[in-house]
Amino acid sequence: MKFELDGRIVDAEPRPGQCLRTLLYEQGCFAVKKGCDAGDCGACSVRLDGVTVHSCVIPAYRAADRSVTTAAGLGDQERLHPVQRRFLDEAAFQCGFCTAGMVVTAAGLGCGTEAGPDPADLPELFKGNLCRCTGYRPIRAALTEDSPAAPMGTVPSGEGARAGAAVPEQHPAGARVGAPAGPRIVTGREPFTLDVLPEADNPAAPPTAPLHIAVLPSPHPHARILSIDTAAAEALPGVRAVLTYADSPSVPFSTARHEWRTDDPDDTFVLDRTVRFVGQRVAAVVADSMEIASAGCRALRVTYKLLPSVFDPADALAEDAPKLHADKPYSSRIADRTRNVVAELHGGVGDIEDGLAAATRVVRGTWHSPRAQHVHLETHCGIGWLDAEGRLVVRCSTQVPFLVRDELCHVFGLERDRVRIFAARVGGGFGAKQEMLVEDLITLAVLRTGQPVQYEYTRSAEFTGATARHPMRVAVTAGADAGGVLTALAVDVLADAGAYGNHSPGVMYHGVSESIEVYRCANKRVDAVAVYTNNIPSGAFRGYGLGQIIYAVESALDELARELGIDPFDLRRRNVAVPGDPFVGAAPEPGDLVFGSYGLDQCLDLAQRAMLRGNGITSPGPGWSVGEGMALAMIATIPPRGHRSSAVALLGTDGGYEIKVGTAEFGSGTTTVLTQLAATALHTDAARIAVRQSDTDLVEYDTGTFGSTGIVVAGKAAYAAALALKDLLLARAAELAGTAAGDCVLGPDGVWCGDRLIPLAKLAAGGELAAHGEHTGIPRSVSFNVHAFRVAVERATGRVRVLQSVQAADAGTVLNPVQCRGQVEGGVAQAIGTALYEDMRSEHGVVTTRTLRHYHIPQLADLPSTEVYFADTADELGPLGAKSMSESPYNPVAPAMANAIRDAVGVRIYRLPMTADRVWRAMQEGEER
1300 MKFELDGRIV
1310 DAEPRPGQCL
1320 RTLLYEQGCF
1330 AVKKGCDAGD
1340 CGACSVRLDG
1350 VTVHSCVIPA
1360 YRAADRSVTT
1370 AAGLGDQERL
1380 HPVQRRFLDE
1390 AAFQCGFCTA
1400 GMVVTAAGLG
1410 CGTEAGPDPA
1420 DLPELFKGNL
1430 CRCTGYRPIR
1440 AALTEDSPAA
1450 PMGTVPSGEG
1460 ARAGAAVPEQ
1470 HPAGARVGAP
1480 AGPRIVTGRE
1490 PFTLDVLPEA
1500 DNPAAPPTAP
1510 LHIAVLPSPH
1520 PHARILSIDT
1530 AAAEALPGVR
1540 AVLTYADSPS
1550 VPFSTARHEW
1560 RTDDPDDTFV
1570 LDRTVRFVGQ
1580 RVAAVVADSM
1590 EIASAGCRAL
1600 RVTYKLLPSV
1610 FDPADALAED
1620 APKLHADKPY
1630 SSRIADRTRN
1640 VVAELHGGVG
1650 DIEDGLAAAT
1660 RVVRGTWHSP
1670 RAQHVHLETH
1680 CGIGWLDAEG
1690 RLVVRCSTQV
1700 PFLVRDELCH
1710 VFGLERDRVR
1720 IFAARVGGGF
1730 GAKQEMLVED
1740 LITLAVLRTG
1750 QPVQYEYTRS
1760 AEFTGATARH
1770 PMRVAVTAGA
1780 DAGGVLTALA
1790 VDVLADAGAY
1800 GNHSPGVMYH
1810 GVSESIEVYR
1820 CANKRVDAVA
1830 VYTNNIPSGA
1840 FRGYGLGQII
1850 YAVESALDEL
1860 ARELGIDPFD
1870 LRRRNVAVPG
1880 DPFVGAAPEP
1890 GDLVFGSYGL
1900 DQCLDLAQRA
1910 MLRGNGITSP
1920 GPGWSVGEGM
1930 ALAMIATIPP
1940 RGHRSSAVAL
1950 LGTDGGYEIK
1960 VGTAEFGSGT
1970 TTVLTQLAAT
1980 ALHTDAARIA
1990 VRQSDTDLVE
2000 YDTGTFGSTG
2010 IVVAGKAAYA
2020 AALALKDLLL
2030 ARAAELAGTA
2040 AGDCVLGPDG
2050 VWCGDRLIPL
2060 AKLAAGGELA
2070 AHGEHTGIPR
2080 SVSFNVHAFR
2090 VAVERATGRV
2100 RVLQSVQAAD
2110 AGTVLNPVQC
2120 RGQVEGGVAQ
2130 AIGTALYEDM
2140 RSEHGVVTTR
2150 TLRHYHIPQL
2160 ADLPSTEVYF
2170 ADTADELGPL
2180 GAKSMSESPY
2190 NPVAPAMANA
2200 IRDAVGVRIY
2210 RLPMTADRVW
2220 RAMQEGEER
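To get my numbering, take the position in the sequence shown, counting from 1, and add 1299.
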């Protein structure tokens, strides 16, 4: 059939049952994205004869003799459509995976023009387009014609907020600099992981069309595989390999990736003969097409021996509970295989009983945080192949290319120089892509077949086969004297690791660290245990355990303030740690964690003043009760025990600058800030800096983009490399001019030696100049966030409406005000989802929440505009005084919401999410525990 695609005629024959999205993809049209393939997310939106549709649910044959327009057809980088220009000007994207679909929907509605829809109708009109990153505020601004470009936060002058502290105003660092990829993102031309066609001479593409992997998932929560009959599958035309536990390397590993691989238990195999959760890989079929591979999976015949299962972590600790990893050796680093304990921590300072005896008031409670899905719109995926030299190459959606490389080498017995791992732009991560979930199976398939192989999770597989946030039960005991000074603080944590222990030790240790260390108290106690169950594995998630613990601790302290009759802001002021205090949780922190700067006092003041001012939004009506609540959070700017990054800055023979780093870009804005840091060091503007990144062939090493380290580790390495390059340029210019380097000044176009300008191209005429920089991530500083809400609760239904949302953040020097504000807004949005809506349900280990329409991540209609305030600090450890600000905004939101609801209705909610029915039930019962 023929149809018009973005102005060109296409002649293609769709396969029976093929949807329009995959047909467009096969034509090299990558402006349509796969976010769900169920019509839920809108990432695949196109205009079909001028009508906006989700191409994933439109049969391909319906495009015959019609016109299809994608974001790429609306405009290009030189001639942007007005809507694309609005999205670019408002920085209305972060990872950008949803943006092309958003732009198409907006253009179809005439947004940003006089003929556009009423702003009040936008929530309804955009309910089919989801964004996980931004919090929608900049998107809403881009959709509204009369909305001015967003200012740097909403901070009134004189209230302690500044951007670019300690950075001269003329320097790129501290300025509003747009993402280098912005024009490509808004036009749908920025390539993500699978946005590539075979090309023999392109090192970023497979040389031939890839084979496809389909996985047979386990239908049982715990079983031993007795046999797998592969004959029927292998006989299917187009099937190239069937992979089972018999083909798997015998080397155990963890899917979690850290600087030290020994941080996580070696309890996982590529394919295991024992399955421990519903959805675990049983076998994989590699075939010419996904349809054939799926048919191959259906042809497999598996015989299982069912084993006892356990789903509640408390039951898993029982003496008679099934032991899920009793077969693992001591070297696997499982804390106690005989009790299903992945990791545990017990410690403290002082004496809790003495502290409670000295308290005027004591609060006790147990709070529950459920499993939560990351919902990065780009699912886990990758393509692997052997290059012309026989090296294994994997292009994958990862936050940690170097750690993936090293673990593949460990599992498959490969040398590092025989493996290349790289990432294009990553469509969201939130910790989920600090796992190795596809690369191991791709590697096995490539090594087995010798051909390029592609593996891509479905959205349902993300719910049933990927990792989720750790469910936790957190019991808190807190006591204070009549003056509100804490005398005792104890937490008891039970975390559900799921079937495998990836990240559970780190999440547990981190969760009970800064959440407790932020408070001074002579008597503290921490008891924490992470337990194996036959649920899906838990993993890294934004906040890395802090969100669950802080929800409990900050709720308890709010209740303590109520019983003492003390303002909750004041209770925190009387008890927070200040410079000079040690960081003490289960034990004093090692000396590498320091107060590089301190803005918590300012954050408390900024948030409280904003709440006192209000925002003019009133209660919806007489049937609603209004309340306010706040909470705070502290987070280390870098994970403990080192986080390494190396960088290269070079001047090419064409006179252009280039920065090479290993860190990935998945919406945190690291790439933009790297250009700003380099431009500042090299006395030029950010547009002259090209960044190449996330490739193990580019630099010596990079631990990865997690723990909010993109700026404070990779940024510091890049800045050091740029400064070193500056010295080389001055030395080269001095040599050419016959003068001292101290008499030379680097400018945007070259080096001035007196009144003589030596152009950059001439400096590199003898060959490119390159300099190196690195950072080890030691020592570490701390960041702070304070969140406050004013909410209205409808007493007849329990429905919660946010009237005012405020976050004050101590980010040190704010290197890019727009992006930093966006990180805060995005973290708040994701946390509001956790607090009010998101509930990943399962029954006897079977995940029943498998689609986006049944898992309520926030839509445009659900979220308020959050006021963002920055403390006036400059960190002595970060690059130009900056601190990290990606994970931390998430952490205080749920307790602030819970405290506001408590203030409104008089009862406390002890379980997330605080859905309308749960709030209503708590009001009826008086209190839910």
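Simulated from the structure, these hints should not be mistaken for lab results.
All figures in this text were calculated on a predicted structure; none of them were measured in a lab.
Possibly wrong hints are sitting among the right ones.
Lysine to aspartate or glutamate pairs mimicking EDC-like chemistry, simulated, CA-CA at most 16 Å apart [stated by the list, open to error]: (1) K1301 to E1377; (2) K1627 to E1688; (3) K2025 to E1957; (4) K1622 to D1611; (5) K2061 to D1953; (6) K1627 to D1571; (7) K2061 to E2073; (8) K1301 to E1312; (9) K2061 to E2093; (10) K2025 to D2054; (11) K2025 to D1984; (12) K1426 to D2161; (13) K1301 to E1325; (14) K2025 to D2042; (15) K2025 to E2093; (16) K1301 to D1388; (17) K1604 to D1571.
So, going through the hints one by one against the coordinates:
{"no.": "1", "hint": "K1301 to E1377", "in the structure": "violated, 29 Å"}
{"no.": "2", "hint": "K1627 to E1688", "in the structure": "violated, 38 Å"}
{"no.": "3", "hint": "K2025 to E1957", "in the structure": "holds, 13 Å"}
{"no.": "4", "hint": "K1622 to D1611", "in the structure": "holds, 13 Å"}
{"no.": "5", "hint": "K2061 to D1953", "in the structure": "holds, 9 Å"}
{"no.": "6", "hint": "K1627 to D1571", "in the structure": "holds, 13 Å"}
{"no.": "7", "hint": "K2061 to E2073", "in the structure": "violated, 28 Å"}
{"no.": "8", "hint": "K1301 to E1312", "in the structure": "holds, 8 Å"}
{"no.": "9", "hint": "K2061 to E2093", "in the structure": "violated, 70 Å"}
{"no.": "10", "hint": "K2025 to D2054", "in the structure": "violated, 19 Å"}
{"no.": "11", "hint": "K2025 to D1984", "in the structure": "holds, 14 Å"}
{"no.": "12", "hint": "K1426 to D2161", "in the structure": "holds, 10 Å"}
{"no.": "13", "hint": "K1301 to E1325", "in the structure": "holds, 14 Å"}
{"no.": "14", "hint": "K2025 to D2042", "in the structure": "holds, 14 Å"}
{"no.": "15", "hint": "K2025 to E2093", "in the structure": "violated, 61 Å"}
{"no.": "16", "hint": "K1301 to D1388", "in the structure": "violated, 37 Å"}
{"no.": "17", "hint": "K1604 to D1571", "in the structure": "holds, 14 Å"}
The earlier numbered hints that this structure contradicts are 1, 2, 7, 9, 10, 15 and 16.
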